[in-house]
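Using the hints, position chain B against chain A.
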Amino acid sequence: MAERDSKGTFSDRRLPVAQKYVIPISRSRMVWGGLALAGVLLLLVAVDAFVGDGDVISAGPVSRAHAALEERGSCDSCHVALASASSEKCQDCHGFVADGRSAFGHASHVLYQSSDLQRVTDHENDAALECTACHTEHQGRDANITEVADARCGNCHFGGFDEHPQFAFARLHQAKERPGLAFPHVKHVRKLVEKNDLAQIETACLYCHQSDETGAGFVDIDFEMHCSSKGCHAQGKEKTPFLPTFAAGRPGVLTPEMIARSGRPGTSWAKLEDPTAYPWEDGQIRKLAQLHPDPWVMENLRHLARQRRSGPVLADLLLSSPGDAHNARALYAEAIETLSGWIDELRSSPDKQVQKDLEWASSMLESLERQLENPFELASAEAFEALDDVELDPATEEALDEIEAGLTKWCSECHGVANGAIVRPQADQEMLVRANFDHRAHALQQGCLDCHSSGYNAGVCEQDPSAEFDWRTPFCLYVSPMDTSDPANPKLVHPERHDLEVADDFTGPEWVNLPGVESCRSCHSSKEAGDSCTTCHEYHPHKDRGAHLSRFLGEGDES
Amino acid sequence: MSAAVGMSGRRRERPGARLWRNLFSVALVILLATGLANLLLSEMVPGNIWGIAYGTAAATLMIGAAFFGVRRRMMHSALRLGLGGSRQWLYFHLYGGLLFLLLMFMHTGFRLPEGVLGWWMWLLAVWTGLTGLLGLALQQWIPKALGSGLGLEVHYDRIPELVAELRDRAEELSEGGHDPVRQLHARKVAPELAAPRRSWRYFIDPTGSIHSRLREFDYLRSLLGGEEARDVEALEGIYRAKLEMDAHYTLQWALRSWLYLHVPISLVLVAIVAVHIGTVLYY
Numbered sequence: 001m002a003e004r005d006s007k008g009t010f011s012d013r014r015l016p017v018a019q020k021y022v023i024p025i026s027r028s029r030m031v032w033g034g035l036a037l038a039g040v041l042l043l044l045v046a047v048d049a050f051v052g053d054g055d056v057i058s059a060g061p062v063s064r065a066h067a068a069l070e071e072r073g074s075c076d077s078c079h080v081a082l083a084s085a086s087s088e089k090c091q092d093c094h095g096f097v098a099d100g101r102s103a104f105g106h107a108s109h110v111l112y113q114s115s116d117l118q119r120v121t122d123h124e125n126d127a128a129l130e131c132t133a134c135h136t137e138h139q140g141r142d143a144n145i146t147e148v149a150d151a152r153c154g155n156c157h158f159g160g161f162d163e164h165p166q167f168a169f170a171r172l173h174q175a176k177e178r179p180g181l182a183f184p185h186v187k188h189v190r191k192l193v194e195k196n197d198l199a200q201i202e203t204a205c206l207y208c209h210q211s212d213e214t215g216a217g218f219v220d221i222d223f224e225m226h227c228s229s230k231g232c233h234a235q236g237k238e239k240t241p242f243l244p245t246f247a248a249g250r251p252g253v254l255t256p257e258m259i260a261r262s263g264r265p266g267t268s269w270a271k272l273e274d275p276t277a278y279p280w281e282d283g284q285i286r287k288l289a290q291l292h293p294d295p296w297v298m299e300n301l302r303h304l305a306r307q308r309r310s311g312p313v314l315a316d317l318l319l320s321s322p323g324d325a326h327n328a329r330a331l332y333a334e335a336i337e338t339l340s341g342w343i344d345e346l347r348s349s350p351d352k353q354v355q356k357d358l359e360w361a362s363s364m365l366e367s368l369e370r371q372l373e374n375p376f377e378l379a380s381a382e383a384f385e386a387l388d389d390v391e392l393d394p395a396t397e398e399a400l401d402e403i404e405a406g407l408t409k410w411c412s413e414c415h416g417v418a419n420g421a422i423v424r425p426q427a428d429q430e431m432l433v434r435a436n437f438d439h440r441a442h443a444l445q446q447g448c449l450d451c452h453s454s455g456y457n458a459g460v461c462e463q464d465p466s467a468e469f470d471w472r473t474p475f476c477l478y479v480s481p482m483d484t485s486d487p488a489n490p491k492l493v494h495p496e497r498h499d500l501e502v503a504d505d506f507t508g509p510e511w512v513n514l515p516g517v518e519s520c521r522s523c524h525s526s527k528e529a530g531d532s533c534t535t536c537h538e539y540h541p542h543k544d545r546g547a548h549l550s551r552f553l554g555e556g557d558e559s
Numbered sequence: 560m561s562a563a564v565g566m567s568g569r570r571r572e573r574p575g576a577r578l579w580r581n582l583f584s585v586a587l588v589i590l591l592a593t594g595l596a597n598l599l600l601s602e603m604v605p606g607n608i609w610g611i612a613y614g615t616a617a618a619t620l621m622i623g624a625a626f627f628g629v630r631r632r633m634m635h636s637a638l639r640l641g642l643g644g645s646r647q648w649l650y651f652h653l654y655g656g657l658l659f660l661l662l663m664f665m666h667t668g669f670r671l672p673e674g675v676l677g678w679w680m681w682l683l684a685v686w687t688g689l690t691g692l693l694g695l696a697l698q699q700w701i702p703k704a705l706g707s708g709l710g711l712e713v714h715y716d717r718i719p720e721l722v723a724e725l726r727d728r729a730e731e732l733s734e735g736g737h738d739p740v741r742q743l744h745a746r747k748v749a750p751e752l753a754a755p756r757r758s759w760r761y762f763i764d765p766t767g768s769i770h771s772r773l774r775e776f777d778y779l780r781s782l783l784g785g786e787e788a789r790d791v792e793a794l795e796g797i798y799r800a801k802l803e804m805d806a807h808y809t810l811q812w813a814l815r816s817w818l819y820l821h822v823p824i825s826l827v828l829v830a831i832v833a834v835h836i837g838t839v840l841y842y
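Top line first, the protein sequences correspond to chains A and B. In terms of this note's numbering, the first sequence opens at residue 1 and continues consecutively. In terms of this note's numbering, the second sequence opens at residue 560 and continues consecutively.
Keep in mind that the hints were calculated from the coordinates and are not lab data. No residue lacks a Cβ here, since even glycine has one placed at the ideal position from N, Cα and C. Be aware that a few hints might be false.
Coverage of chain B stretches by chain A, computed from C-beta distances (three or more under 8 Å per stretch; other residues unrestricted) [as the list claims (entries may be wrong)]: (1) 599 to 606; (2) 791 to 802; (3) 825 to 835.
So that you can see chain A by itself, here it is in the shape it has in the complex (with noise of 0.2 Å):
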């Protein structure tokens, strides 16, 4: 203890201070074991990557789909090594993707629906996503990965469906839609309730808007289905005026015989016309029970077109006018069509030059059909343009306008007239052409009305009859009052305004009663049924088309 003491105490206690430097307990064997766990977890990782399968460094396991890879225990079956997994291997199974140009490539997702290679040609310079920039595996078995986050396409796109764009038909055309026809849905739509004594507004839109066979959409519209069937517009009743007939410095229609002699293609028909069904009159001549489409005054206006122009145009080649085609395909399908019908009327000949002539042309027309099928093919409307390039007298203008306005006085009745030609009528009812709308799925809980109509349009008939109104029918006016004071001309009037007519704003072809983004957004929420951007667009529109493609991989990369 003296000993001890001699160094000194320190406390109350008077406890002895060390005697020497106290040298702390090292704690080098917690770095030492950390090291040896670290390495031995190296061993593991090491062991698992280069022996076993590869589960210890994988990032989760894969989907379903792809879990019979992940049992081969390769990672290369998608994995390439120093880069990431590439679409190369995806393409393995899935068709061609790797250049970006098919199927499952970028350059599909921007030609889309559309079908417009400027599109394309426009994110040319876009880096290929690559199939794992929207597919994320690794993220368990039930993982779904074709269920992409709406974050993926706001890469490219607008953030959500708040930010949506006002759909494009309404956009474009500002407020109001052009269907080529002279179609008032009002007017139609009181008719059949009236004519059928309907309990249901709604039963009179499926006359004509008629399911196709998934039911999402509707069967294109058709004269003979949807417009004579039911004995409305009838044909074989209705007769043109008497029209002078065609000579040499005269203005005038071309007679059946005319026609036939002239051996224009096309005009077979001509030859087994009936000539009671042309009456002359001092020296004009009319077509009774006129058909739909008659090829007499179809003809007769390709003729009056002809004096207004130089030369011939593809124009020609359709029955109506390119008018502001959305789809250019289908007026060069068109034209094929009809030349084909013009092939197949020359097949009966004798002429063995025809004959000939008649097989170049049809390997002609069969490599234009493929040639339309490839979607990287550039295909324009404006070939069709007919330029009126040949100036005439005002007496022959006046003329040639009185005979058009003859010819096509009951075609007028519903259909537009312009340029001398039928303004083509959008038949498939397709306003939607990016995105999908399943009809079906929405009249299990919705009625037609319930979005086809108000909106903001209540406005106009509940409140203030000049109040800005959109391009949709207003619901209102299907059951507005009829003013029927005058009997000769009967007139649709405002629900609370008797005096005020309406039919001049509200029942011309341009409403065709189309919901807005607005309407869809007062269901389709993301707490409500769903806003996500897949809910309405694919990212893949054709990917059941995917060898189709494929064969046109050659070609696109030579565009």
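Using the frame of chain A, we list chain B on its own:
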């Protein structure tokens, strides 16, 4: 870690503490704003540019924080090379470690991982973060607890030696004392002095638990008189010193041992992150 108390009685901050706290606050705000922008503009997933940026930043911070341990083991070289003071490295270790944890969560999109390696990495990162926070809490609390309530300050490594010293003194006192003193020694003091002991009660109340155990000495002393009372008082002093040493033995042990929870696992974490980076780059 305990804050120094100045002449005015106000807490005086360590040099650089405010700067590091401000830097951390700014970094935290930037990270949260970035995360918010990420959620608005894109997805919070590991694979996109946002996720890769979070992962890269997290790995960089983790490596930086890990260098604190290296810095502690190369005091002389660090001074020679001008690597900065140990305290600055500690602050970087603390705040960088917290930011690492946040960045790791942002990297994973605040979702649980899927793969084995991912789970290991996630659990070890959380473990390292939590044990680091535990260590920080212990370093904040234990020195204050030991310094404020106990009358004895003692080096942890000397406790066994000093307990033996107390045991010798108690035996000496007992041998020369009367029966009550011998009985008290044999029954209560000698078993306690057998060896240093740790007890959870010191974590709850270091001083209160000692006072409650000394009441018997007060009672006995009031019954005895003269020399016997003085011997009891001497035994009480030895007994109190032993209990205070036990408090030190317990709390200083905790102060040292949490590192065993933190350091080895953090080394494993560094290794796993290295493997993760390797696999990401390779695949």
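Taking each numbered hint in turn, which are not upheld by the structure, reported in ascending numerical order?
-> Violated hints: none at all, because every hint is consistent with the structure.
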